[in-house]
Amino acid sequence: MKTTYLLLKYLAILLWSSFVALPFLWALTTSFKTANGVTGGATYIPWLQYKPSLEGWKVLVRTGGQGIDIVAPYISSAVVTLSASLISLALGTLAAYGLSRFTFRLGFIKNSDITFFFISQRIMPPIVLAIPFFLMLQFLGLLDTIAGLILVYVALLLPIATWVMVDFFNNVPRQIDEMAMIDGCNPIGAFLRVVLPNSLPGITVAGLFCIIFGWNDFFFAFTLTFTKTQLLPVAVVALNSSVTPWWSLSASALVSVAPLVIIAFFVERFLSSGNMAGAIR
Amino acid sequence: MLKFKYKHFFLLPGLIVLVAIIIFPLLFTIRVSFSSWDVVKPGLDWLGGKNYGRMFVDLRFWEALTRLSMMAVGSVLIQYVLGFGLALMVWRDVTLKRFVRVLFLVPMMTTPVIMSVIWRTILHESLGPANDIVQLFGFEPLTWLSTGGMAMVSVITVEVWQWTPFMFLLMLAGLLSLPNEPYMAAAIDGAGPFRTFFSVTFPLMAPISIGAILIRLIEASKLMETVYVLTSGGPGTATETSSYYIYIRGLRDYQIGYAASLSLTYLVIMIISLTIIAKVLTYKFARG
Amino acid sequence: MALILQNIDIRENGVAHLDNINLMFSRGGLYTVLGRTLAGKTTLLRTIAGLQQPQKGTLMLHGSDYLQLPVWKRRVAMVYQQFINYPHLNVLANVAFPLRRAGVPRAEAHQRAREVLGKVGLTDFEKRRPAALSGGQQQRVALARALVKRAEILLLDEPLVNLDYKLREQLREDFQNIFEGQDDAIVVYTTTEPAEAIQLGHQMIIMDEGGIIQQGEPLAVFNAPATIRCAEIINDPPMNIFYGTIENGDIQLQGGIQLKVPAHMAHLPHGPYRFGLRAADLRLGSMIGSQVELSEISGSQTILHLRGDIGTFILYEEGVYQHAIGDTVQVDLNSNRIYSFSVDGDLIAGPAAAEAYRR
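Protein chains in written order, with the numbering used here: chain D, 588 to 868; chain X, 1183 to 1470; chain Z, 113 to 471.
One thing to keep in mind: the hints can contain errors.
Stated by the list, open to error - Just the calculated beta-carbon pair ranges, DEER-fashion:
#, chain 1, residue 1, chain 2, residue 2, range
1, Z, Ile409, D, Leu779, 52 to 58 Å
2, X, Tyr1188, Z, Glu429, 39 to 45 Å
3, X, Thr1248, D, Ser707, 23 to 29 Å
4, D, Leu593, X, Ala1202, 54 to 60 Å
5, D, Ser707, Z, Val127, 33 to 39 Å
6, Z, Asp276, D, Asn758, 23 to 29 Å
7, Z, Gln282, X, His1190, 44 to 50 Å
8, X, Pro1361, D, Lys596, 23 to 29 Å
As the list claims (entries may be wrong) - Looking from chain Z toward chain D, a few residues come up when the C-beta cut is under 8 Å (computed):
#, residue
9, Leu163
10, Met190
11, Ile196
Unchecked claim - Only part of the chain Z face toward chain D is listed, based on derived beta-carbon distances under 10 Å:
#, residue
12, Trp184
13, Ala189
14, Pro199
15, Phe209
16, Arg212
17, Lys261
18, Ala263
19, Gly420
In short, the hints are calculated from the structure, not lab data.
Idealized CB from N, CA, C, for every residue including glycine.
Extracted from the complex, chain D is given alone in its bound form (with noise of 0.2 Å):
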């Protein structure tokens, strides 16, 4: 009773990590086909049912109207996304400890209706925004542009960072920041010295989230961008057409994913050290 029970959830985990791994592995077998490998019908195994090619990856390195430029999109991403987190981080620490040390009061309004004013930004769906935003920028003269990005995406991120970083706080012990300004520290010196030290591994998830979060997002790069500006994510998108052959497709979604996937690792790795153990709740 106990073999079989063994055997059936070893199986189901056999299952399911086949099912996670199949896009991986379908693209990747399928980024080194050509038109032969890929009208007659599925295949699989190179050099068995298909010849295989390295032209799927060529025609990203390739420069001019014949290649696809990948390059260009990972630097915008990048640029975009380090940005916004960074300032995300920043704003959003700071109004976490102000948050999760002070008290606030506006009317009826306190502490927890503020905080949930920040939370609740995620309800938000994108379309809602996208329109005003679309306006906005085009006001501002930052259409299609990576500052008008950045702008956009410190809204979206923000939200998250405080509301990691405002449970993190919670979880600090109030004396520490006492003790400081027992020693001389005004408040800003508190937290500078003595509690923005001691909380790494809280902003070391908040900015995690954030860069993922970021990187990820398809729907306000997709409208608030054209031809000058082009993130990742939307560049891939947009060779979902009849005209892109599969192979450089899969070949250029694989190398846009490469680095969450490594991310990943290191994730785990972190997740498994302990450290998140107080970070999240």
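Based on the hints, put chains X and Z in the right spot on chain D.
The following block gives chains X and Z in isolation, referenced to the frame of chain D:
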């Protein structure tokens, strides 16, 4: 006006940025929804409630809402069951945990749209592996992307692939934080694995389950990107969600005024439904 | 020059955390504040430090308004009962921290820090992080950091309560030596243990429910508690209180026990009283019968919780005696040590000054 206090220094920068970037556009949207701004006639005139009137009889909008609810609730429930199940299998098993955790973590960190691009090639009815696998199990090939019902299944499949890891991680963390005593008591009382699950594990995990489901529901209610890449809302309008329909009206047909009224109604409906769902779930499953 | 608190009030939801506090602390004074948990001792210290603002009252240091100064500008040092140190700094940096904040150059700050670390016996621990230290060592680091500032006001909030017994005794001795060296500072030390308060302070303040119920020189207060409540707080185990009257030259206790009126109470008029007697002033004997409710053996002493017609009371006996619950035990009272209080709880007459017992 306000005496400079240290606490303002902390909160105000972030709060002002957020209010400026979100509240003003929101207020603007409300104003626009009462106008007839479109390609032909850009500008803010006053239409009164005409846009909202049009919305009430716009069947396509309400159908999109229904489809969205079905796909969102369906995929979140499947994610919950699978995620919880996988967490249960791995929870007490030390050797599996590490290997499995990395593997299970990966999908949720990848860019959803890009994975959808790959899925589109997988689900291709004649050239993709999906039907090969289906036939391997002895079934007829399925019309993944060309019939309405199956198209919904395809969207749900992709969502399940992408987000079950999220559920898995949350449920695993929850399981690992459960106290030991109830399990010892159950063992002493001679409860078998099923009894133990239904009487001990499931009730204890109720708060975490509810939280996880709510978070995923909030995200799933915005469903749009997967639909855009995989099916373009089709075939026909079979997988058209609210966000997708509003996108068509607003940024394709450029009927900004009307789209604004649609999106505000959509937002209000979402807030109300999610609040109701949250209250009902908490009341039914996590009392005391 | 002094620290003067006048009419300080802090109330929340109808509960008084500080109730009309009036205190004067002089330079060089060592004050202990004794009280039960939630008596307001911590609130008092936090108000002096600036971490809490009173709703009413004034706080003056050297004649100038202290309340206007924010925490970081007041020259106070504080030691918490939870060992608070900066986790991300090593011991030396921890102790040097306040000096660096005050602008003292690095070399000098580190040197002064080393001196103080020597005083608390932690010279070899400079490079370690607080997390790698034991509880007692962490508290000594906190103490060192408080001392290095040479602040005008040094506040210690039950600093020994989270340490084990042996450590507490040892650190108490160290405290006495350390405090002798703080000539100009005002030292305020709170505790729930009467023995500690009596041993360490020049002046003792008893707090209860947010208010001050007695203050004075420790032994004087011990020998003459102003009210029954003071007597309960300053004795451990708490002083026993018996109901009774003085009639016909005799003390009549509840339950029919009769005693001769002792010399120090001879002048008292007839009437109802409350009589107080320390647990140590009862002996196993033959006078009064009672039942054992609880028997504690602590070290080489026995503490018996007894119930008789006379009421419930506690007896403290040197030596180890085994008693089962329900046993009948005969007890003697030392009437020369009886305190008499009015029915309202105020002290009327007490025995001649006796030594405070030490444990």
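Going through the hints against the structure:
no.	hint	verdict
1	Z:Ile409 / D:Leu779: 52 to 58 Å	holds (54 Å)
2	X:Tyr1188 / Z:Glu429: 39 to 45 Å	violated (58 Å)
3	X:Thr1248 / D:Ser707: 23 to 29 Å	holds (25 Å)
4	D:Leu593 / X:Ala1202: 54 to 60 Å	holds (58 Å)
5	D:Ser707 / Z:Val127: 33 to 39 Å	holds (35 Å)
6	Z:Asp276 / D:Asn758: 23 to 29 Å	holds (27 Å)
7	Z:Gln282 / X:His1190: 44 to 50 Å	holds (47 Å)
8	X:Pro1361 / D:Lys596: 23 to 29 Å	holds (24 Å)
9	Leu163	holds (6 Å)
10	Met190	holds (5 Å)
11	Ile196	holds (5 Å)
12	Trp184	holds (5 Å)
13	Ala189	holds (7 Å)
14	Pro199	holds (6 Å)
15	Phe209	holds (6 Å)
16	Arg212	holds (9 Å)
17	Lys261	holds (8 Å)
18	Ala263	holds (9 Å)
19	Gly420	violated (48 Å)
When the structure is compared with the earlier hints, violations turn up for hints 2, 19 and for no others.
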